[in-house]
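**Q** Residues per chain, in single letters:
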Amino acid sequence: MPGRDGIAGLICLAGSLGLLAVSFGLPQVPLVPVGPGFYPRIILTGIALLSMALIAQDWRARRALASGQESRGGDAVSRAGYGLVLLSFAVFGAYVVLLPLLGYRIATALFVAALQILLEPPASWRGWLLVPLVAIATAAMTWLVFERYLSVLLPRGTWTAW
Amino acid sequence: MFELLGQALIDIVQWKYLLPLFVGTLVGVIGGSLPGVTITMTVIVVLPFTFGLDPLQGLACMTGVYVGGSAGGLITACLLGIPGTPSAIATTFDGFPMARNGEPGRAVWLGVWSSFFGGLLGGVFLILVTGPLAALALEFGPWEYFSLFVLALAMVAGLTEGSLVKGLLSGAIGMLITVIGTDPIMGVPRFTFDSPFLAGGFPFLPVLIGVFAFSQIMSDVEKLRQPGAATTAAARPMLSVSQLKVIGEILTRPVLLLWSTIVGIVIGVLPAIGGSAANMLAWDQARKMSKTPDRFGKGTPEGIIASESSNNANVGGSLVTIMAFGIPGDAVTAVMLGAMTIHGIQSGPLFVSQQPKLAYGIYAAYIVAHVLMVAVIAATALLLLRMTRIRLAVLAPVVLTLCVVGAYALNNTMAGIYVLLIFGVVGYLLVKGGFPLAPLILGLILGDQIELNLVRSIMSDPDPWLFITRPISGGLLLAAAISVALAIWQHLRHRERQAEAEPDF
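Sequence order for the protein chains is A and B.
Okay, so the first sequence: first residue is 7 according to the numbering used here, each after it adds one.
Okay, so the second sequence: first residue is 706 according to the numbering used here, each after it adds one.
Just so you know, nobody snuck in bad clues.
Here are some chain A residues pointing at chain B (derived, C-beta under 7 Å): (1) V35; (2) V38; (3) T114; (4) L121.
FRET-style restraints, in silico, Cβ to Cβ: (5) E1201(B) - A146(A): 54 to 64 Å; (6) W165(A) - H1199(B): 54 to 64 Å; (7) R1096(B) - E153(A): 21 to 31 Å; (8) Y88(A) - S1058(B): 44 to 54 Å; (9) A146(A) - T1118(B): 21 to 31 Å; (10) E1201(B) - F30(A): 34 to 44 Å; (11) G846(B) - E153(A): 44 to 54 Å; (12) F30(A) - T887(B): 13 to 23 Å.
Quick caveat, the hints were computed from the structure, so don't treat them as lab data.
The model shown is predicted, which means the values in this text are computed figures rather than measured ones.
In this text, a Cβ means the ideal position worked out from N, Cα and C, and glycines have one as well.
Chain A with its partners taken away, still in its complex shape:
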């Protein structure tokens, strides 16, 4: 079973070989001595070679580990920590989906509130009061600054027209 570096190397190797195959299907342009696939092929070949080097490094490291030559510190981050990251990405993903539907102001207020609650659930009524205050202030202030003063049009919601 390959380690973290080995898996990363395998993913990069598979991706680069796949794209390398696609690059040979790119059309040739008679006006230019090298076609549009020339430069990508150089990069992809480089990625493939480096990926193999990474896989080899990982294999050597794991072999050394098995024979007790080297020791590695474990990952300090707990499963709960990674779970929180995953949930944070999910909340952000939901924000990205809701943004064109609800519009910037509503979606942002909901996102800021949701992420605050997720990262640090309020333990008192003051905490619960602070969550919507920060959420509404963030959405309102950024909307005011960007739309009113910097002329940057922020997304309108197709469901809310707001």
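Keeping the supplied structure of chain A fixed, place chain B upon it in accordance with the hints.
**A** Same frame as chain A, but now just chain B:
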């Protein structure tokens, strides 16, 4: 030159430019002083606010952030023992012991004035050297540019901590991102798989924001529930001190100040090494040069002067590289390069001669930002110390919201936000996989230019030996090869030392 600089200084102190410069410096100092918020993150957050400004206003604001951020990290480094930014790590070594020995004001102000003098000396270098370097760059053909960009990538990949293979792979992935979309010569679609989303390629800024902002925020989020993650409560130290005495302490050590500044400038000019390396190296050099090296790490003023003068001089060096060659010296200047592109400015060797008002405006903004930085820290140091208590639960959603605005405002389309999310995930996974992000970003910035110059050189003359036989191009490629060879040698030596350090039972 001096006439243009004088005019630029008069222009920059007009409210129209002074206000964004002041706001940028203030935000930079705040961002720099918050542990966990880097200068790159602060520049990314400020970037969307500059979209509606005119080019010099926007760049003045960004310059302010860069200067303010480089100095802001010293406040928490001295008073809490936590460097606000990586470029203030070495300041902690002597600043914190000095503050604990009952001299917090002396520690902070030694840092502030060292940043000021180091930054201004860096500014002199910036003004004097950018023009001649740009003139030299004008002599470059596509062969030389190709080789210069290869050198930049090789140095960045080689100088990253950890695995050299991962550094090179990261740079190559950055370059690969640039080939998605239409090819820059004939406009043929590449790797788009008939998707309209991929047809235009990935815009640089949302990728950069996604990679940097998410990797940093999510790395903080994963530690949130760990024991000991609570923020340090800050006491209220007395910062009043005789400013003349502190300035005297710095100016009576001219060799130290000058040498540390030179270290900072040289590291700034070299692509993507950054202020974090500059302050450590300058501190180490100062200790080696000192007659009393045993006092380093125990609160000696020399340690603070070396660290802080070098990290602000580093800013001047980085700006030289971006203005003369169009190569970002670090992630902060990469964002600035993106901002310049948004404002329709082509940085590179013609920038100073074709846009002198803007170029000298940046010089002037850089100088005035140092004065503003001193004023801002004087007025807000204690307040900033209280701001370090802002919880990640509040900071993270606000920063991510500003990232979304920045990605959206680029083209006013949702595509930028989708790219932000995709590369947010990619950036986090790369960091967790131990891949350095600096080579990826440089590959992303230089990828297009490397291809253009490679194809142009082949179209001019298909002889590949020209890359080696043309003196400048050959020299640059040789330097790139030496850089990679040195990196391999260093990595091997590091591994040997680690093996020796491990006890053999």
